[in-house]
Structures are given as structure tokens and as C-alpha cells.
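Asker: With chain B held as given, fit chains C and S onto it using these hints.
Protein chains in written order, with the numbering used here: chain B, 1 to 523; chain C, 1001 to 1238; chain S, 2001 to 2242.
One thing to keep in mind: the hints can contain errors.
Listed next, the stretches of chain S that the computed footprint assigns to chain B, with coverage defined by at least 3 CB atoms under 8 Å from CB atoms of chain B [stated by the list, open to error]:
hint	stretch
1	2079-2091
2	2100-2110
A few chain B positions that, by computed beta-carbon distances, are all more than 10 Å from chain C [what the hints assert, rightly or not]:
hint	residue
3	171
4	191
5	223
6	345
Please keep in mind that the hints were generated in silico from the structure rather than gathered at the bench.
Please read all numbers here as calculations on a predicted model, not as lab measurements.
Think of the CB as a built atom: it goes at the ideal place given N, C-alpha and C, for glycine as much as any other residue.
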Amino acid sequence: MNLKEWIFTTDHKRVGVLYLIGSIAAFIVAGVMALLMRIELSSIGPTITNNPSSYNVWLYAHGAVMILGFQIPALTGFFANFCIPLMIGAKDVAFPRVNALSVWLFYVGVILALLTFFIPDPPDVMWTGYPPYSTITTGNTALYTFTVLVLGFASILGGVNFLTTIAYMRAPGLTWNKLNIFVWCVVGAFILQLIFVPVLGTAVTLISMDKYLGTHFFDPTQGGDVLTYQNLFWFYSHPAVYVIFLPFFGVLFEIVATFAKNKVFNYKAAVYGGIFGIVLLAGEVWVHHLYVSGMVDWIRVGQMVTTLLISVPVGLMLISLVGTLYKGSITFETPMLYALGVLFLFLIGGLTGIPLAVTSLTVHLARSYYVVGHFHYVMAVAGTFSIFAGVYYWFPKMTGKMYNEFWGKLGFWVTFVGTNIVFWTMMDIGVKGMPRRYYDYSQFPQFEGAHQLMTIGAVILGIGFAIALLNWIIGAIKGRPAGNNPWGSMSLEWTTVSPPPHGNWPTPPAVGAEWTPYAYGKS
Amino acid sequence: MRIDEPQFLGSRLNGAVELVDSDGRAFSLAQMFGKPLILLLSYYGCDGTCPTMNGELAKVLGKIDRFRLGRDYRVLTVSFDRRDSPGTAAEFLRKTGGLPAAWRDGWRHAILAEKDIPSFVGSIGFRFFWSDGAKAFLHPNVLVFVTPEGRVARYIYGTRMDARTIELALTDADWERISNSTAVFDMLTGACFSYNYEEGRYQLNYSLVAGVGSLLLGLSVMGLGVWGYRRKIGRLHE
Amino acid sequence: MNRALKHCAAATVMVVASAGVMAAGYGDARIVDPAPGWDHLWREVIIDITVIGILFALMTAYFIWRYRRVPGGPTVGSGPTLSTAAAIGWVIIPVFVFMADDFFIAANGWVLWNSYRDVPADRLEIQLESGMYSWDYTYPNGAHTQNQLIVPAGKPILLRMTSRDTLHNHFIPDFRVKEDSMPGRVTYLWFLPKEAGKEHIVTCAAYCGVMHSYMAGRVIVKTPEEFKAWYEASGTAAKKSS
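Extracted from the complex, chain B is given alone in its bound form (with noise of 0.2 Å):
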């Protein structure tokens, strides 16, 4: 195995653990930038930085690292990438050369991402970068634009190259309403990425050309205004919860579905009326994020009805997984275990956003912890449980190996004690009124308890990550050879040699009437 090989590799499935390398780097230096901020915030007043500046960097690279460097490419990079080929029973994607170019642009970013903690004068923008603080600030807010725009350049290239391999390159007989769920949601999220990603660069090369260029796009004093920028950013970045939303819940369903042999409960609902559902309304939330914002009253109330409507895709697909345990043969090794602790965590941060889909009960709750709280259920907890449920759960396919049971699950339990103690105290004092990206807090000294408590928390929380980290890596250099097909799925990737040659198959699969990935017992 040479380097040169891996780094000019056109094969998807190299092409893919690049991507996990990549953003898994990504989580860990986020992970401990988030861990620099529990700390910070252990008690009132300096605790390990005398400089607000040096939190608000670290807030800035936390939220921005986590989201474009790590839980995207790692769904609609790694799982896209590794799986998709494999699925639909192809040799590889539509344009292999594309597929390199993408990952070496996401490594530039993820690069660019990085140089934060390098540069004397680190952007301090959040991950929102909202104007006029971002056009006035001594922070480098050329690296955020630039960041967002390889990143997002990267993400584009493979929504076309995904779009395009699924639509033309799907082994014989495997027809639309055959495919994997996963492979629906990835569909769905590439719509969304090719349709409002450009808006979002179009978003932040404004305020770059506004802070570099002199331009006035977002000051008011010369006729720009303020307020089109938060409407612009949250016109892609609401879509872009569903991004990672869709991929990470059609992991679960493709780990659900093989541990209960099932197959998947009402599956067209699934796809035509939740991940479409999704699709379809997506676009029209943008608001809830802009409730205290100042907008106009009747879009405020217009766009809380639509952010409600999202509960209904969203439980058509919670029925069809839930209903997948139904009559099932359910084992429990570490994936199966990881995608239902998100079942139960996922439901608490589905419906903590309802709350805050209610413009007037979000006059109190904007900008305070309990929304911190809410989406790290759903990103931190359920996305990136999702992501630790499918590595360990392709992990024999990718190394051909199996990691160690135990450990496995050791890990799994201590994440989600963990979690659930920093996001849920969290969500308890954004109730009671703690604001975010507060660098300290000595007007609310009452919650000093709490935050002592999210520290030890984060704590624990950082241990059950670096278990399973641990445990991939000693995994893949010496765990027993696992076979083909562990698990005993049905579906196609599962039919090649662990782990799969360049090509996938010797002769490339074609599919019976009769099969679908979820026909068990059929066969």
C-alpha cells in the first residue's frame, strides 16, 4: 500500500476513506475545540483564557468544522461514496476523476479550515458570519468565505457525480423503487446541495467583497441591508440540516432493516412522502431561524406553520423505521445499538424543535442554550451516532476486518451517558434563560452547577468518542478477518469479497424480480 496510490486513487471506495480520514480529523479537532470551551466555561470569569477573542475563535471553528468539515463530507462524502456504488451493483462512480478532484477540495478546506489556529488574526465570525460584525471585525473573515466555498465547490461535484451515477449506472433489473433507502436520501440531499449551495456562496463572497472590496451590499448607510444576508444564509443552511438529516436517518434504515431482517416498514411512504416531503419543503423554513430577527410580522407567522409541516415527512420516515422493528429477529451487536440509542435521543431532539417552530414561544428561547441543546441532539447526537453506527457498521466491508465487540459497545454506553448530560442540562438553562456564545457568564451565576455539570459531561462524552476511535484503529490493523458477509444482509454490497477489489465484481451483479435489500426470508 503507497501513498501516491491513495492520493491519486479514482476508486470510490478509496475515494471514500479519504473522505472519512479526512473529516474523522475534522471531528477530532473540533471535538476539542468544543471540549477548550466546556472548560472555559467551568466556572465564572477566566478559567483557561483570559481572551474572549480566543473562545470566540473556538466557538467559530467548533460550529464551522463540525458541520462543513465533518458531518457532511462524512455522510455525503464517506457513506456516499463507499456505499452508493456498491448498492446499485456498479464498478464505480460516473466520473472517477471528478470524484478525486472533489476529495482533494474537501482536503483544501478542511486545510483552510485548519489554518485558523495558525494565522495571527483568526476569524471570529461564527459559523454564521452575520454582517455588519463580520465586515467590521479584525478577524479574517476571507478564510471563512474561502472555507465555505471550496468546501461547498466539493460538495457540488459530487451531487453531480452521485445525481448521475445513481440515474444511469444501476445494475440490471434494479429499478427506482428497488433502490435502498440510503440511496433515496442521498438523492435527496444532493437536490438540496445542487440547488441552494450556490446561494450560500453567493451569501458569504458578499460580505468578503463588502469588508475587502469596499462594496456596500450588507450597509445600510449606503441602501444595502442587513437583514438579506441572514435571510440568504439560512436559505441554504436550513436545507443543509436535512443534507446531513437525510443520509444519517438512511443509515439507520439500512442498519435497522439488517439487524431486525427485515424488511422496511411501508417503504414507498418512506421515500415518496418523507424523503420528498423533505425535499419539497425545505425551502420554505428558512424563517425559523430569523424569529427575533426583526423581519416583517406575517412571514414570521407564515413560516412557522410551514417549519410545523415538517413533522410529517419527518414522522412518515420515524413509522417506516420504527415499523422495521416490527415483527423483526432483532440482534444487538454495536451498530444496531448505536442506530436505537439514536431512535430514543432523536425523538428528543425532533420534538424539542417544536417548541422553537413556534414563533411566539421562540420570542423567549432564540439564541439561548435550549436551542444549543435542541440541535445537538440532532446533529451532535443522532447525526454523529448515525455516522459512528454506519463506520461500524461497514467497517468488515471497508477493512475486511472486525473491530471488537466489546469495546465497541463499552463506547456506545459511555457516549450516550455523556451526551445526554451536557445537551440535556443544556436544553434545562436556555429555559431559564442562559443566552449562546458566551464567553462567560457572571450576570447568570445561578447556572455555574449546571455548567460544572455539561463539563464533566463533555468529559465523558469525549472518553466514549475516542473509545470507539481507538477501537477502529486498532481494529482495522488487527482484527479477525470478518468474511463477506457478516451481518447476513441482502443488500448488494454486502454480495463482493471484503474488502471489495477495484471494479466491486468480477461480473457485476444484476438483480431478480423478486429481490429487493430488504427481501429476507425470501431467498
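Answerer: Frame of chain B; chains C and S shown alone:
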């Protein structure tokens, strides 16, 4: 003589103020609310900019078709000179050429009681003083746009007026109605233009235009892909 | 369910009615304080989502326990193949249940929203200019304070807000209210201080710069008499100094 805008934008005028118009009819300011209102402070003994302002406004309003004076909005010329009376107001109106019949209900020329003048002009940040040398009042030439519920929405300066600016300022002042109406066109104009405080005029909201443009780009890329896919499948099945 | 449907119908009526309310604007003399309304709606929504959450969780937990693989049991699942009617039913019924709940919550949210935005006519209107990193209040008589909002008990307070630099957000947790202030636009919020002698934290809830977390102030509630004395004294002082 500029008004300190941030301090006065959004402040509410006192609707209880009593006025008397050029026909001698008494009315309260609140009677002028309910529709957007253009407020023009003048004095009727003026032979300088006040007749010009009133005349220019009349000319420019004549060019606006989307909104009708009286039906959609109102204009109120108020004197800040304590020496004015309904008689001088009528005389001023006659000298400046009068108003077309259709406008008579929508545009009134009024005077204030002497005791009300300082608080009224103070509430919109308007300042003036008498110059002995010029034998005239020095004051800003400004149109004040007031929302239907009586809040200051916009100041537009200058004796040269532009129909589009007035139209957009009326739209701006009209949020209350627009927010409930189905006039999508008005909503769009409200969102697509933003006010340039430095130059005192409206301009395209360029960042929004850029954003919408990039959205269209995304949609068309997606649409192109779907179109291409359908064509290809069609051919395969033939 | 029946209750939810009733609320659903009520919601439609309210949509029409509140358009009228919004058009009528600020003329209402009756004071509807949104803060207790917030607490009430919050409780209602929390009960709602807790019930849904527990039902879902119990069902999931039951499935996991009931259909776990046992030695000698089936090794593959036997999930039902839905007929077309059943498949559609499994979409239509949940969709209506979810939508009924959504509209029920939305209707209640709308009612509360109106009390947040319809400011009582009898009120004290104070101008707020926010800046890095202070709150500057100007009273109608010219009195000026910084980071201390002194108000009389029992009178609705309207803040008319602008900002001289970046985004700020005037957040008073005790009154359940916040709204952004920014350059170029005027925004407002209102609240009803009730108890004289109490102080309430004001804090910035929109990331505004390096010292964001230190941008704090207080609402100081006085009795109407105390307030009047203070107001007149500082009004005169403001006139003298200008």
C-alpha cells in the same frame, strides 16, 4: 439642517393634535391615519422653497399610477409658522395653483395651534429658525412618510423629487396594509429595494438579486439534469 | 383528537380574525401580557411533545424487547406486506394526526404572537440605541440612561430599537422577550413590568463582538410615584445639559 434619523425613525406622532385646514374645518391628526401619509412642513407666507416643494410634490404625485391620492394614501401640508391662519393657507393653495378635484379629500393644507407647534415639529425632529437677513424661515426641505398607524417611516430630502422614490417610500410606509393584503407586487417591491441613507434614495437590494440569481442557477442545473435524464430514458425504451 | 380537530377549525377562524386584529393595529386598550401567556403555552407544548415522545419511545422499546432474537426463534423477520390500501392508510392517518397537532400548536402560537406584537395604547415609549457594548435608553422627555432601564410598575414599556454598529439583541429573560436591533432598521419589543422594587437582567442574545457576553444591564422597576420623581428630575437635568 438634516434630521437625526435614527432617533426619530419609528417614533409615533401624537394623533390627538388638533389642526384646522384651509376651509376652516377642524380635525385631529389621527383622522389622517389609517393610510400612509406624506407630511410636508411649510409656512404659507413663504415665497421660497415651500411653494416649490408643494408644487413639485403635486407634479410628481400626478405621475404615480399605482397608488391614488385619497384612496391609497394622503398628504398633509402643515404650517409651522404661528402667524398662519386658515385664510393664509387658502391663499397659499390658490397661489400654488390649487388642487384637482379628485385630490381635495386626500390633501389638506392645515395650521396648528401655536402651543402645539414646538411639540409637533419636535416629534419628527424638524427644526427651523427665523432669519432676519433673509426675512424667511430656514428649515429642511423634507417629506416625512408616516405609516397608517402614525409612525415615522422615512424622510426624503430635497426640492427635486422623483416619482419612483416617492412610490417606494409609500410602499415602505405601507407595511401594515401590505402585510395583510394579497398585493404580492407591493411585497416584492418592498423586499427588492432598500433605502440608501447616504444618498436619500431607494436602490435595488443587490445582495438579494445576487442571492436569487444563484438560486436560479442551482434550480436550472437541477432542472437540466432531470431534463437530460428523461430524454435519455426515452431513447433507451424506443 | 377531537379537541385537536376543534382547535383546527378554530385556527382557521383565528387566521381570518387576526388579520383584522393586525389591521386594527395598536388601538386596543386592554393589556394582554405575553409573559404569563408564554409560560402557559410552553407548558401546553411541553405536555404535548412529552406525550408524543413517551408513546413513540414505549412503542419502540416494546418492539425491541418483543421482537429480539431468541434461541430457537425465527432468524428472519416477517414484517407485513402492506396492501395498497393499508400503505395509503399508513400515510393518510399519520399525516392527519400530525397536521392536527401542528395546526393546534400553530393556532395557539399565533394568539400569543399577537399579544407580543400588539402593544397596548397606554404605554411608555423608550428609545434604545445599542452599541458595542452598551444599551443606551432615551426617554420621551430627553432623560438618558445607560444599561439601566428604569420603569414604573404596571405600565407597558415599548422599546423602539436601533443599533449604531453590529447586531445586538435586547433579551430580558424574566419578561420572556427579545428582539434584534440593527443599523438601518427600526425594531420594537414590549413588556409589562409588574412588581416594583424588583430588578431584572438584560443581556445581549445576538453575537455582537468580542465582549458580547459582558453586554449586560438591568431593568429596574419602581413604583409609579418613585418613577415620576426620578423621571421629572432626570428630564429637567437632561434639558439643562442640552
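Asker: If a hint holds in the structure, say so; if it does not, say that too.
Answerer: Do the hints match the structure? See the list:
1. 2079-2091: holds (count 7)
2. 2100-2110: Held - the stretch 2100-2110 of chain S has 8 residues with a Cβ nearer than 8 Å to chain B, which meets the minimum of three.
3. 171: Holds: least Cβ distance 15 Å, greater than 10 Å.
4. 191: Label violated. Min Cβ-Cβ 6 Å, cutoff 10 Å.
5. 223: 3 Å, violated
6. 345: Check passes; 32 Å lies beyond 10 Å.
When the structure is compared with the earlier hints, violations turn up for hints 4, 5 and for no others.
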